[in-house]
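Student: Sequence:
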Amino acid sequence: MNEHVVFITGASGYVGEMLCDQFSKRPDVAKIVALDKEPQTDWGKEIPKVTYVRHNLADDGWQEQVAAHQPTVVIHTAWQIRELYGERDKQWRWNIEGSDNVFDFALSTPGVERLVYFSTAASYAAKVDNTFTHHFTEAEGFRDDEYSYAKEKKVSEEHLLEKYEAAKAAGRTTPKISIVRPAAITGPRGRFQRVRFGLQSALQGNLKKGFLNRIVSLLTMFMPATKGWVRQFIHEDDVTDIVAQFSFAPITWDYEAYNMTSVSEPVYAKDMGKAVGKRILPIYPWMARLAFWFFWHATQGKVPTAAHVWRFYSYPIVMSGEKLATVYTCKYSSLDAIRYTDGRYEDWVPESKRSTRPTQAA
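Residue numbers for the sequence shown, in numbering that gives the first Met the number 0: 0 to 361.
Rather than coming from a laboratory, the hints here were simulated on the basis of the structure.
Predicted model, so just to flag it, every value in this text is computed and none were measured.
Keep in mind that the hints are not guaranteed to be accurate.
Listed next, the in silico DSS-like pairs over lysine-lysine satisfying Cα-Cα at most 25 Å (straight line) [unchecked claim]:
1) Lys-44 to Lys-24
2) Lys-126 to Lys-322
3) Lys-150 to Lys-126
4) Lys-330 to Lys-301
5) Lys-226 to Lys-269
6) Lys-330 to Lys-24
7) Lys-48 to Lys-24
8) Lys-175 to Lys-30
9) Lys-162 to Lys-226
10) Lys-175 to Lys-24
11) Lys-89 to Lys-24
12) Lys-36 to Lys-48
13) Lys-126 to Lys-226
14) Lys-330 to Lys-269
15) Lys-226 to Lys-277
16) Lys-162 to Lys-89
17) Lys-273 to Lys-175
18) Lys-150 to Lys-301
19) Lys-150 to Lys-162
20) Lys-48 to Lys-30
21) Lys-150 to Lys-322
22) Lys-150 to Lys-36
23) Lys-89 to Lys-30
24) Lys-301 to Lys-89
With the sequences and hints as input, model every part of the structure.
Tutor: What follows is the structure, encoded as structure tokens:
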């Protein structure tokens with residue numbers, strides 16, 4: 000059995016830490032080198048096989064530390080998703096320069112066989128002429144968008160392709176590269192163990208205590224939604240299993256991108272309202288824009304409603320999951336992922352809040 004050394008960036012975040020936990024249980028993983036600019040969580044400290052490196056990817060110095068462990072797999076999840084108020088240059092450096100450093104490391108370090116990079120659905124761009132019926136495919140590519148997260152991820156993917164093609168042209172041996180563009184990731188860990196400030200947590204009343212969170216929870220007593228509101232969800236267990244397959248199982252491609260979403264109906268506003276037990280409050284896009292602008296500046300970015308984010312709550316982005324389905328079958332539909340609490344981390348869900356899929360009820 001080949002024993003892998005896995006290098007995971009963003010290892011103190013929701014997805015990165017979950018990958019550390021799940022991959023530590025694999026007999027073919029000897030060691031996990033976990034890097035994050037934030038301190039390791041108490042829960043993360045209990046995960047076996049992990050060597051933790053606290054470092055910002057944009058700052059040199061981590062490369063030598065990580066290379067000493069001879070990684071065979073690199074998984075890049077690190078990203079400053081929430082825009083930094085008034086500090087776009089710092090954010091750009093962290094995200095773009097940091098990612099460039101990871102790509103250079105993966106493409107130049109002997110022994111690295113796989114690179115998995117977490118991109119985003121947002122870079123397909125939420126535009127006024129988007130429709131529910133058009134499902135974006137990987138072949139269409141990303142579109143220009145001024146929302147910082149969407150813009151930076153597009154640039155980062157372009158940089159990765161440029162670096163890969165340059166390495167190939169130079170005759171260097173390159174790792175097999177898989178880019179995943181996930182729908183909104185959800186599951187019992189995301190909603191009950193690793194609660195983040197976001198739409199899911201606010202609508203389900205799971206935000207931690209505090210004045211600001213109380214205000215947001217009050218404002219989401221109803222679910223405000225435009226006519227174009229829609230979401231796709233991917234279950235955290237599917238995320239882990241897809242990344243495991245792309246990291247450890249035989250794959251036939253050298254460089255591919257996959258929309259990380261199931262082949263299923265997306266979640267429309269009425270479905271989301273039922274899932275979180277909220278009545279729909281119909282609004283117009285201009286209302287969302289005004290509210291987002293106000294809270295962004297009034298809280299100096301503490302409520303993550305940065306410029307252009309309102310469009311992603313107003314106009315639909317629906318991805319096709321057909322390409323992913325040729326190599327992986329999702330266990331959860333988009334609606335089931337958000338509606339039920341099944342999953343590997345269901346023990347974190349209070350008994351009173353558990354909801355099991357009918358097909359799994361015994």
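Student: Between Lys-226 and Lys-277, is the straight-line Cα distance small enough, at 25 Å or below?
Tutor: Answer holds: Lys-226 to Lys-277 is near 17 Å, not above 25 Å.
Student: Taking only the CA atoms, is the gap from Lys-175 to Lys-30 under or equal to 25 Å?
Tutor: holds, 20 Å
Student: With the threshold set at 25 Å, check whether the alpha-carbon distance from Lys-150 to Lys-36 stays at or below it.
Tutor: Status holds; Cα separation ~22 Å.
Student: Measure nothing beyond the straight line between the CA atoms of Lys-175 and Lys-24; if it is 25 Å or shorter, mark the hint as holding.
Tutor: Satisfied, since the Cα-Cα distance of roughly 23 Å is no more than 25 Å.
Student: Taking only the CA atoms, is the gap from Lys-44 to Lys-24 under or equal to 25 Å?
Tutor: holds, 15 Å
Student: Are the Cα positions of Lys-330 and Lys-269 separated by 25 Å at most?
Tutor: This hinted pair holds, its Cα atoms lying about 23 Å apart.
Student: Quick one, are Lys-48 and Lys-24 close enough, alpha carbons at most 25 Å?
Tutor: holds, 9 Å
Student: Hinted pair, alpha-carbon criterion (25 Å max): Lys-89, Lys-30. Please report holds or violated.
Tutor: violated, 32 Å
Student: Would you mind confirming whether the straight-line C-alpha gap from Lys-162 to Lys-226 stays at or under 25 Å?
Tutor: violated, 41 Å
Student: Keeping to a limit of 25 Å between CA atoms, is the pair of Lys-330 and Lys-24 held or broken?
Tutor: holds, 20 Å
Student: Can the restraint linking Lys-226 and Lys-269 be considered satisfied, given a maximum Cα separation of 25 Å?
Tutor: holds, 11 Å
Student: Can the restraint linking Lys-150 and Lys-301 be considered satisfied, given a maximum Cα separation of 25 Å?
Tutor: Within the cut-off at roughly 21 Å; holds.
In this structure, the hints that do not hold are numbers 4, 9, 11, 17 and 23, in rising order.
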